[in-house]
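Engineer: Each chain, letter by letter, is given below.
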Amino acid sequence: MRIRLSSSRSNESGFTLAEMAVGLAVAMLVLVSTMIFLSNSVRIIHKLNTVRDIRDQGLMAVETIEREFRKVLEYGGTFQIGSDMLKASFGTRNVEIAYDGENIVLTSDEQETVFGKCADFDITTLVDGSKVRVIVIEFVLEDEVYDISRSFKAAFSAVNATGS
Amino acid sequence: MFSQRGSILLDTVLFLALLSVLSMALIGQLVFMTKVSAQEDARVQGLMAARIQLENMRTNWTHTSATEDEEFTPVSFESEFDTHRLGKGYYSITVNGPNLYQVEIRIRDKADTRDVCRTLSQVWDK
Chain A
1 MRIRLSSSRS
11 NESGFTLAEM
21 AVGLAVAMLV
31 LVSTMIFLSN
41 SVRIIHKLNT
51 VRDIRDQGLM
61 AVETIEREFR
71 KVLEYGGTFQ
81 IGSDMLKASF
91 GTRNVEIAYD
101 GENIVLTSDE
111 QETVFGKCAD
121 FDITTLVDGS
131 KVRVIVIEFV
141 LEDEVYDISR
151 SFKAAFSAVN
161 ATGS
Chain B
165 MFSQRGSILL
175 DTVLFLALLS
185 VLSMALIGQL
195 VFMTKVSAQE
205 DARVQGLMAA
215 RIQLENMRTN
225 WTHTSATEDE
235 EFTPVSFESE
245 FDTHRLGKGY
255 YSITVNGPNL
265 YQVEIRIRDK
275 ADTRDVCRTL
285 SQVWDK
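Protein chains in written order, with our numbering: chain A, 1 to 164; chain B, 165 to 290.
Everything labelled a hint here was simulated from the structure, so no lab data went into it.
All clues given are correct.
Dumping the calculated EDC-like pairs for lysine to aspartate or glutamate here, alpha-carbon to alpha-carbon at most 20 angstroms:
no. : chain 1 : residue 1 : chain 2 : residue 2
1   : A       : 87        : A       : 112
2   : A       : 87        : A       : 110
3   : B       : 199       : A       : 53
4   : A       : 117       : B       : 244
5   : A       : 47        : B       : 204
Label-pair restraints from in silico Cβ distances:
no. : chain 1 : residue 1 : chain 2 : residue 2 : range
6   : A       : 98        : B       : 201       : 30 to 38 angstroms
7   : B       : 266       : A       : 112       : 35 to 43 angstroms
8   : A       : 33        : B       : 266       : 53 to 61 angstroms
9   : B       : 258       : A       : 33        : 57 to 65 angstroms
10  : A       : 112       : B       : 234       : 40 to 48 angstroms
We put the beta carbon where it would ideally sit given N, CA and C, even for glycine.
Let's have the full structure, built from the sequences with the hints guiding it.
Structural biologist: Here's what the structure looks like:
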């Protein structure tokens with residue numbers, strides 16, 4: 001007695017092994033692509049947040065540096081510029097900014113403020129003859145994880161002060 | 165059999181379409197955030213350049229009358245670490261009183277399409 005399997009099987013619902021394999025492969029591909037895409041998106045968002053943090057920290061450093069040195073040099077005072085540091089004093093008030101190769105340390109009347117992580121630090125001046133009119137402090141803040149860096153410049157007048 | 169497979173195919177197409185729409189929305193948002201971040205970088209550079217220009221003008225004041233849109237080159241932020249994002253700068257001076265001047269500084273973006281920053285300061289010429 002022969003049983004006709006083919007006609008009865010053709011009415012069964014379901015998937016063949018090949019269909020299942022292809023379906024799973026496509027599903028895996030979609031899943032992995034989605035994971036990679038989401039992971040990259042999260043990385044970009046973290047990177048943008050880090051950029052914002054560096055920007056905020058840099059702006060705060062610029063404002064603090066300008067404010068502290070203006071207090072001392074705006075109406076007189078003396079200053080001394082070194083390779084990686086600037087000292088200024090007026091009466092009993094003293095301000096110093098120095099770069100230790102990793103951080104910027106601002107010391108104002110014994111109060112210490114640290115800005116980091118700094119990749120580069122430079123002090124330049126705008127002069128008339130030998131007279132320093134404006135001191136510009138340039139520094140670069142960086143984040144090594146995302147390889148981000150932003151440069152900042154703080155500027156203040158030294159036209160009423162003496163020094164070199 | 166065909167109706168069930170057709171239904172699964174339709175579900176798959178709808179799922180992929182929805183995934184594409186969500187991905188496009190996410191990409192759009194990321195591009196927008198990146199653009200806004202670059203604009204903010206330009207604004208911060210413009211702000212610092214404007215302050216340096218003002219200090220430069222203030223410590224070497226030669227103006228006695230009002231001026232309109234005098235051009236200057238903003239200080240550069242081009243370095244091995246960062247990109248210069250600024251175009252030309254302009255300053256205007258108005259006389260506010262005896263020896264008292266108001267300085268408006270505006271700095272354009274690199275493509276010269278818009279102002280990245282605009283500052284208003286007063287200078288007293290002793």
